[in-house]
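Protein chains: 2
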Amino acid sequence: MRLFNYWRSSASYRVRLALHFKGLPFEYVAVNLMKGEQSGASHLGRNPWGSVPVLEVTEEGKTALIPQSVAIVEYLEEKYPQKALFPTRLVDRARMRAMVELVNSGIQPLHNLQILNHLKDELKTDPKPWSEKWIGKGLDALEAMAKDTAGNFLVGDQFTFADCCLLPQLFGARRFASVDPNRYPTLLRVEAECLKLEFVQKARPENQPDAAV
Amino acid sequence: MRLFNYWRSSASYRVRLALHFKGLPFEYVAVNLMKGEQSGASHLGRNPWGSVPVLEVTEEGKTALIPQSVAIVEYLEEKYPQKALFPTRLVDRARMRAMVELVNSGIQPLHNLQILNHLKDELKTDPKPWSEKWIGKGLDALEAMAKDTAGNFLVGDQFTFADCCLLPQLFGARRFASVDPNRYPTLLRVEAECLKLEFVQKARPENQPDAAV
Chain A
2 MRLFNYWRSS ASYRVRLALH FKGLPFEYVA VNLMKGEQSG ASHLGRNPWG
52 SVPVLEVTEE GKTALIPQSV AIVEYLEEKY PQKALFPTRL VDRARMRAMV
102 ELVNSGIQPL HNLQILNHLK DELKTDPKPW SEKWIGKGLD ALEAMAKDTA
152 GNFLVGDQFT FADCCLLPQL FGARRFASVD PNRYPTLLRV EAECLKLEFV
202 QKARPENQPD AAV
Chain B
2 MRLFNYWRSS ASYRVRLALH FKGLPFEYVA VNLMKGEQSG ASHLGRNPWG
52 SVPVLEVTEE GKTALIPQSV AIVEYLEEKY PQKALFPTRL VDRARMRAMV
102 ELVNSGIQPL HNLQILNHLK DELKTDPKPW SEKWIGKGLD ALEAMAKDTA
152 GNFLVGDQFT FADCCLLPQL FGARRFASVD PNRYPTLLRV EAECLKLEFV
202 QKARPENQPD AAV
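Chains A and B supply the protein sequences, listed in that same order.
Those letters in the first sequence? Residues 2 to 214, by my numbering.
Those letters in the second sequence? Residues 2 to 214, by my numbering.
Some hints could be false.
Identical chains share a label here; the pair holds if one copy fits it or two copies do between them.
[Claimed, not checked] Derived DSBU-like pairs (lysine-lysine); straight-line CA-CA distance at most 35 Å: (1) K63 <-> K148; (2) K138 <-> K63; (3) K36 <-> K148; (4) K125 <-> K84; (5) K80 <-> K148; (6) K129 <-> K84; (7) K36 <-> K23.
Keep in mind that the hints were calculated from the coordinates and are not lab data.
For reference, chain A alone in the conformation it holds in the complex (with noise of 0.2 Å):
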């Protein structure tokens, strides 16, 4: 498997610890987002949306490309279910889901960078209010459903999908907007456990080929 993706990016993070969880081995290709080459032609190509990550995977005997981070997280867990991503029980499974959406469609596409230099470049205005309104309600959102479904992680004890979505988005937050610990006592518990963990370390930014500081 080839996951073309960008240190920096919360998505491709995303995917990361997904693949380093299950200890699937794959090749790491760069696609610099700060250059712009996410709207290249060969990027293009392999996603007309533009964004990464993208994972190249072989089915059937042929190469397919798969976009989209909950796209390429959900074929991971049904192509290689043995060491299980996803929790066992119905409810448990569609309360994980719920969180990965809040953050995937909720929170995460309001502040990536296409929208930053939008406000920036088109409208004028300055985004650091704009990041810190959405991120901070969906920040106080995410830990209001936490707290009636974490144990150890967001779900129970068990890292799920929920928190591949958790560490990147508290990243990201970090970046545009000011993390009360206050505010969020459940969401960093969650992530100060997930850091204790080694495959964790694998995924984080400052620790892929590409990381600049």
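Once you have looked at the hints, place chain B on chain A.
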């Protein structure tokens, strides 16, 4: 099952399509977004993020609430697999989910009610060029992906979850932007095919009990 939803919400429309496709009976509970009911205490108790839809189900003898359209439809597919809304082959499932997420996390979050209101009321900018830009970019990418995967429907000749996302996205696009038939031949051909189906008629916004002109 009870579905807390709103006739014109595109994420609500996705879930209604899935429920009617599978022939599952449900109680329709309207949450009026125009009156702000999604941000009232009752609805925030169901979903701290304050979005619709939310599906109320009974699991292991207890009531559970599932927010987020993708989490709801994945749950329905796992719980009621008899009439499958997902393809069988892994690669088709991945492509389907990639299209679902292009709509769910790529396009729709940028032109929902809270964002358009914020642009107008807080940033004092016309939301129309914003909607046209992001909806246009998103539908261009969806058209490019669909060219590779579509038969009568977005993924081959089977109605899937991707089609449940296409119909509401085109419905929403027409409210906020123009949809040029020459630019989206595949998407509009598939839409026309879907609109022939009887269960689709049951799910359409204008056929819901809370529909207003």
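Outcome of the hint check:
no. : hint         : verdict
1   : K63 <-> K148 : between (44 Å within a copy, 18 Å between copies)
2   : K138 <-> K63 : between (43 Å within a copy, 29 Å between copies)
3   : K36 <-> K148 : between (40 Å within a copy, 29 Å between copies)
4   : K125 <-> K84 : neither (48 Å within a copy, 50 Å between copies)
5   : K80 <-> K148 : both (31 Å within a copy, 26 Å between copies)
6   : K129 <-> K84 : neither (40 Å within a copy, 47 Å between copies)
7   : K36 <-> K23  : within (31 Å within a copy, 46 Å between copies)
Of the numbered hints stated above, those contradicted by the structure are hints 4 and 6, listed in ascending order.
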